[in-house]
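> The whole structure should be built from the sequences, with the hints applied where relevant.
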Amino acid sequence: MRESVGIIATINKKKYEIEVAPNTTLLDVLRDQLGLTGTKRGCEIGECGACTVLIDGQAVNSCLVLAAQIDGHEIVTIEGLADGNTLHPLQESFLDHDAVHCGFCTPGMLMSAKALVDGDIDPSEEEIRIAISGNLCRCSGYQQIVDAVKEIPKK
Amino acid sequence: MTKHIPHESAELHVSGEALYVDDISASPDLLVGRVVYSPHARARIISFDLTEAKQVPGVAAILSARDIPGHNQMGPVVKDEPCLASEEVTFVGQAIFLIAAETDAQCRAAEKKIKISFEPLEPILTLDDAMARNNLLGPPRTMSRGDADSALQKSVHVIEGELRTGAAEHWYLETQSSLSIPGEGEEMMLYSSSQNPSETQALVAEVLGVQKKDVVVEVRRMGGGFGGKETQGNHVACWSALLAHATRRPVKIRLFRDDDMIMTGKRHRFLVRYKVGFDDNGKLEALKVELNSDAGAATDLSFAIMERAMLHCDNAYVVPHMHVVARVWKTNLPSNTAFRGFGGPQAIATMEHIIDRIARTLHRDPAEIRQKNFYGLTNNNVTHYGQRVEENRLHTMFEQLVKSSDYAERRRAIRAFNASNEFFKKGIALTPVKFGISFTTTFLNQAGALVNIYNDGTVLVNHGGTEMGQGLHTKIRQIAARELGVSLDRIRVNATNTSKVPNTSPTAASTGTDVNGMAVRNAIGTLKERIAESISSMFNEEKKSPTTNAVDIRFERDEIFDSKHPARRLAFADAMRMMVMRQVSLSATGYYRTPGIGWDKIKGHGTPFRYFAFGMAVSEVLVDVLTGAVTLLRTDILHDAGDSVNPAIDIGQIEGGYIQGVGWCTTEEIKWDAAGNLMTHSPDTYKIPTSKDIPLDFRVSLLKNATNPNAIHGSKTVAEPPLMLGISTWLAIKDAISAVTDHNVEPEFSLPATNEVVLLSIEKLKCHTATKASPHTIA
Numbered sequence: 000m001r002e003s004v005g006i007i008a009t010i011n012k013k014k015y016e017i018e019v020a021p022n023t024t025l026l027d028v029l030r031d032q033l034g035l036t037g038t039k040r041g042c043e044i045g046e047c048g049a050c051t052v053l054i055d056g057q058a059v060n061s062c063l064v065l066a067a068q069i070d071g072h073e074i075v076t077i078e079g080l081a082d083g084n085t086l087h088p089l090q091e092s093f094l095d096h097d098a099v100h101c102g103f104c105t106p107g108m109l110m111s112a113k114a115l116v117d118g119d120i121d122p123s124e125e126e127i128r129i130a131i132s133g134n135l136c137r138c139s140g141y142q143q144i145v146d147a148v149k150e151i152p153k154k
Numbered sequence: 000m001t002k003h004i005p006h007e008s009a010e011l012h013v014s015g016e017a018l019y020v021d022d023i024s025a026s027p028d029l030l031v032g033r034v035v036y037s038p039h040a041r042a043r044i045i046s047f048d049l050t051e052a053k054q055v056p057g058v059a060a061i062l063s064a065r066d067i068p069g070h071n072q073m074g075p076v077v078k079d080e081p082c083l084a085s086e087e088v089t090f091v092g093q094a095i096f097l098i099a100a101e102t103d104a105q106c107r108a109a110e111k112k113i114k115i116s117f118e119p120l121e122p123i124l125t126l127d128d129a130m131a132r133n134n135l136l137g138p139p140r141t142m143s144r145g146d147a148d149s150a151l152q153k154s155v156h157v158i159e160g161e162l163r164t165g166a167a168e169h170w171y172l173e174t175q176s177s178l179s180i181p182g183e184g185e186e187m188m189l190y191s192s193s194q195n196p197s198e199t200q201a202l203v204a205e206v207l208g209v210q211k212k213d214v215v216v217e218v219r220r221m222g223g224g225f226g227g228k229e230t231q232g233n234h235v236a237c238w239s240a241l242l243a244h245a246t247r248r249p250v251k252i253r254l255f256r257d258d259d260m261i262m263t264g265k266r267h268r269f270l271v272r273y274k275v276g277f278d279d280n281g282k283l284e285a286l287k288v289e290l291n292s293d294a295g296a297a298t299d300l301s302f303a304i305m306e307r308a309m310l311h312c313d314n315a316y317v318v319p320h321m322h323v324v325a326r327v328w329k330t331n332l333p334s335n336t337a338f339r340g341f342g343g344p345q346a347i348a349t350m351e352h353i354i355d356r357i358a359r360t361l362h363r364d365p366a367e368i369r370q371k372n373f374y375g376l377t378n379n380n381v382t383h384y385g386q387r388v389e390e391n392r393l394h395t396m397f398e399q400l401v402k403s404s405d406y407a408e409r410r411r412a413i414r415a416f417n418a419s420n421e422f423f424k425k426g427i428a429l430t431p432v433k434f435g436i437s438f439t440t441t442f443l444n445q446a447g448a449l450v451n452i453y454n455d456g457t458v459l460v461n462h463g464g465t466e467m468g469q470g471l472h473t474k475i476r477q478i479a480a481r482e483l484g485v486s487l488d489r490i491r492v493n494a495t496n497t498s499k500v501p502n503t504s505p506t507a508a509s510t511g512t513d514v515n516g517m518a519v520r521n522a523i524g525t526l527k528e529r530i531a532e533s534i535s536s537m538f539n540e541e542k543k544s545p546t547t548n549a550v551d552i553r554f555e556r557d558e559i560f561d562s563k564h565p566a567r568r569l570a571f572a573d574a575m576r577m578m579v580m581r582q583v584s585l586s587a588t589g590y591y592r593t594p595g596i597g598w599d600k601i602k603g604h605g606t607p608f609r610y611f612a613f614g615m616a617v618s619e620v621l622v623d624v625l626t627g628a629v630t631l632l633r634t635d636i637l638h639d640a641g642d643s644v645n646p647a648i649d650i651g652q653i654e655g656g657y658i659q660g661v662g663w664c665t666t667e668e669i670k671w672d673a674a675g676n677l678m679t680h681s682p683d684t685y686k687i688p689t690s691k692d693i694p695l696d697f698r699v700s701l702l703k704n705a706t707n708p709n710a711i712h713g714s715k716t717v718a719e720p721p722l723m724l725g726i727s728t729w730l731a732i733k734d735a736i737s738a739v740t741d742h743n744v745e746p747e748f749s750l751p752a753t754n755e756v757v758l759l760s761i762e763k764l765k766c767h768t769a770t771k772a773s774p775h776t777i778a
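Those protein sequences? They're chains R and A, same order as listed. Each residue of the first sequence is one higher than the one before, starting from 0 at the first, in numbering that gives the first Met the number 0. Each residue of the second sequence is one higher than the one before, starting from 0 at the first, in numbering that gives the first Met the number 0.
Hints are not guaranteed to be accurate.
Claimed, not checked - List time: in silico BS3-like cross-link candidates among lysine-lysine, alpha-carbon distance up to 30 Å: (1) R/LYS149 <-> A/LYS691; (2) A/LYS703 <-> R/LYS149; (3) A/LYS602 <-> A/LYS282; (4) A/LYS670 <-> A/LYS691; (5) R/LYS149 <-> A/LYS670; (6) A/LYS703 <-> A/LYS670; (7) A/LYS282 <-> A/LYS402; (8) A/LYS78 <-> A/LYS153; (9) A/LYS686 <-> A/LYS602; (10) A/LYS763 <-> A/LYS287; (11) A/LYS686 <-> R/LYS149; (12) A/LYS78 <-> A/LYS274.
In case anyone wonders, no lab produced these hints; they're calculated from the structure.
What follows is the structure, given as C-alpha cells:
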C-alpha cells in the first residue's frame, strides 16, 4: 500500500494541497489533519449523519468517503456555512426555532438542510422530513428542526 | 410568555465551534486509548500474556488490573464493579485491558497480539433464567397500603396478567469520551463527558490511589446524556486517567459507537406481574404488583431505579389498597443504569396497561376510566407511600386536552373508520404522567454555586449542574440575569468544574434547574447584600440627607439605585468598579438543600418528592393489519412547566422526551444472542426515531396559569416526565390492534410494540375471531 496520496481540493472556498493516507476517510482528514472539528464522529458507518458535509453540493456522510476521493472536488463543512461573520439563513433559523439542543447533530443536520434548500428554495414539510431522515437527533423531536428549515428567513 | 432566548451555546453549535471532548486540541503528546473487553458473558481468566502486544510500534502502555495503583473499583454506590476484570469476566463488553498508543491503528494492532485464555462458565442471560435460579442482586422490597389481598377477594372484577418491557440504549450522539492530562506531582486534569463530575473525580482518585484534591474534572457540555453518563461516564474517565498516569502523557478515550453500545448499560428490562380489582364503573379497588428488573452484572443504580418504579406504580390514580413487591435480579449482561425516567416508565406503562385492560373488560373508553380514577383535588389525594398530591393539575389538564385534541369526535371518527376498513385500523389513546421530582436518595437534593463579578461589570457563574443539551446553562444564565437585574450578555456560565464547586450531585432526577438555580440565586443574594451595604454607605457619604438604607437598594435594568430616592443611581458596571476600589468581595458561593422532603426507605413511607410534574398526551395511529406497520398520525401534548423559565426550551424538551418514549415503546429493540452478545449494537440494527417517525401532526403546548410555589421563579422541571407520554402511542397501537375484534378480545401485547409484535398480535386475534366465527372448525 502506498504511504500517502497527494490530493488537491477546495474546502470551504480555500484550496488545499494535502497528503493523505490511502485508507483515511474524509472525516478523519477534516478533523485530525485540518482541525475542522465541527464535523462530528457519530457512528462511523454512515447511519447517523453527524459527519455530513457537502461534496460538490451533495450531502454525504464523510465517514464513508475516502479522503483520496475528494481530489479535484469542492467540499463545504459546517465551518464554511456562514459568510464570514454573517450567519447563513439556515443557521439563523436554527437559532430562532431552538432547533439546537446538545448540538452534536446540528452541524450534520445543517449540511443536509443546506443541500436540500440549495436545490429547492421552498421544500414541503414532507420533503424536509425526508431530507433530514439520515441525520439522527436524540434530544429533539425533530419538529423544531423541520420548522427551522421550513421557515428560513427570506432575504 | 418570556421573550425568546436561544440556547446559550446555540451560536457556537450552528457554526461548528462548540467543543466536545473529542474536539479539544491536546498537545502533540496526545495518546489514543483503547479498551479491550471480554468476548465471554461469564468466564474465568486463566492466564494472559502482553509481551508481544507491548512490542507493537507506537504502543506506550498496556495495562491490566494488576497495574492499577489504587483500588480496582468503579461501582458508584456498591463496590461490586471492578475497573478492569482480574479473575473473572461477568459480561460481554467488560473491560480487561487498556492500551495507549500514538494511533488507534496501533492500538488495534496491539489488541490482536494480546494472548489470553478463558475458561467459559455458564451465564445467566434472561430475567426468567435469573428468577428460576433465584439469582437476586439484593433483598426484595415491599411497599403497602391497606389490605390488597382481602380487597381483591371482595372486588366484583379481578384481572391479572404480566407485562414485559424492553431494554433501551441511550444513544447519546456523542459516545462516552474522556481526556486525561497529567499535571505536576499527583495532579490529573480530566475533560469528561459526564453527568456527574464529582463522582468521576472520586472514582478517578480511587483508581489512581490519590486524593480528590489532586483530581479536577471539567465538563463543558455533553453531546447528550439521558442518564447514560450519570455513572457510566465514570468508566472511560477512570480508564483514560489510568493510562495517562502510567504514561505521564495526555490520553483520550472516545468509544466507538459499537463498542459503546456493547459495553455500557441500558434501561432495565422489566417483567411485571399484576392483579387488579375494580368495580362496575371501573374504579380501582386493589392492586398487587410484582416488579422484576434485570440489573445486569453489577449494582450501579439498580436499587434506586427500582425504588422509583415502586413509587410510580400508581401513576396518576388513587388505589385504596396496594401492595408492591420488587425484586432486582442479576444477570451476565452490562450493568443497567439510569435512563430518563429512572424506573418510572416501566411502572407507569404497567399502570396504563392495566387501565386499558379495565376499559376493554367493561367496554368503556379508557380515557373515561382514567379520569374516574385520578387523584382528587381535596380528598383521595394521598399516594400509596403517604405523600399528598398537592397542586393537582390532572383534572384541569384532562378537561383542556380532551377539548383541544377533539378527543370525543376523533374517537367517533375512528370507530367509523375501523368499521369500514378491514386492512387498516386506527387507534387513539390518552395517557397522563404524574412524576415525583427530587432524588429519592434524599441527601442528593443539594447544590452549590460560585458567582464571580468582575470589575468590568461582567459575571461568571459556576454551578454544579452539567449541560447535556437540556438547556440548563441557558436557564441558569436567565435566572442569574433576573436576580442581578442585568442583561444576559453580561453573564457567562462556566464549564462545570470540580475545583469551582465541590461535592455536587449528578445532574439527574430532573432536578438540574431547580436546585442549581436556587444555589445561584442564593450566591447572588449574598453579593447583592454586600453591594447594597457599600453602595448605600457611598450614597450617604456623598450626601448625608436624605439617608439611603441598604434594604432600599434595587438591582434592575443594569442599574443599581435607591428605590426611595431614585435619583441616587449608578450604572452596574461603574458600581462594580467602585466596589473593588471600596474593597468589597465580588465573589460568593451559594448553597441550596431542598426543603420539606423526607423519606423512610425502610417503611416505604413519607414525602420523597418536593412536588409532582404533570403531563398528558393524546396520540392517534394507523396500523396496517397486513404488515404490522404503524404510522403516527397525530399527537397532542399538554404539559405543566409551571411559569416556564424558557418556554421554547421546554417545548423542545417535551417533544424530544415524548419521541424518545415513542422509540422505547415502538422501534427500539435490544436483543442479545444465546451467548450474551449484543445483536443490536449499531444504528443499522437498533432503530431510534428519525424525522420520518414523528407524528404527521405534532401539537405541544404548556399549561397556562400554573405557577409552581416549590421551585425557582415559579417554574417546574420538564426533563424526564414527557418521556412517559410516549406510552400514549403504545396504547393507541394496542387500541388499533384491538379494533380487529371490535375490542372484544384482549390482545397480546408487550413493549416495545415493534412491527413484529403488532403483526403477531393481530394474527392471533384473527385466529381467535376465525375460531369464534366458525364453531364447527376443529381446533
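> Now, for every hint given, state plainly whether the structure supports it.
Now the hints, each set against the structure:
| no. | hint | verdict |
| --- | --- | --- |
| 1 | R/LYS149 <-> A/LYS691 | 15 Å, holds |
| 2 | A/LYS703 <-> R/LYS149 | 28 Å, holds |
| 3 | A/LYS602 <-> A/LYS282 | 27 Å, holds |
| 4 | A/LYS670 <-> A/LYS691 | 24 Å, holds |
| 5 | R/LYS149 <-> A/LYS670 | 38 Å, violated |
| 6 | A/LYS703 <-> A/LYS670 | 43 Å, violated |
| 7 | A/LYS282 <-> A/LYS402 | 23 Å, holds |
| 8 | A/LYS78 <-> A/LYS153 | 46 Å, violated |
| 9 | A/LYS686 <-> A/LYS602 | 41 Å, violated |
| 10 | A/LYS763 <-> A/LYS287 | 28 Å, holds |
| 11 | A/LYS686 <-> R/LYS149 | 26 Å, holds |
| 12 | A/LYS78 <-> A/LYS274 | 36 Å, violated |
The structure shown violates the earlier hints numbered 5, 6, 8, 9 and 12.
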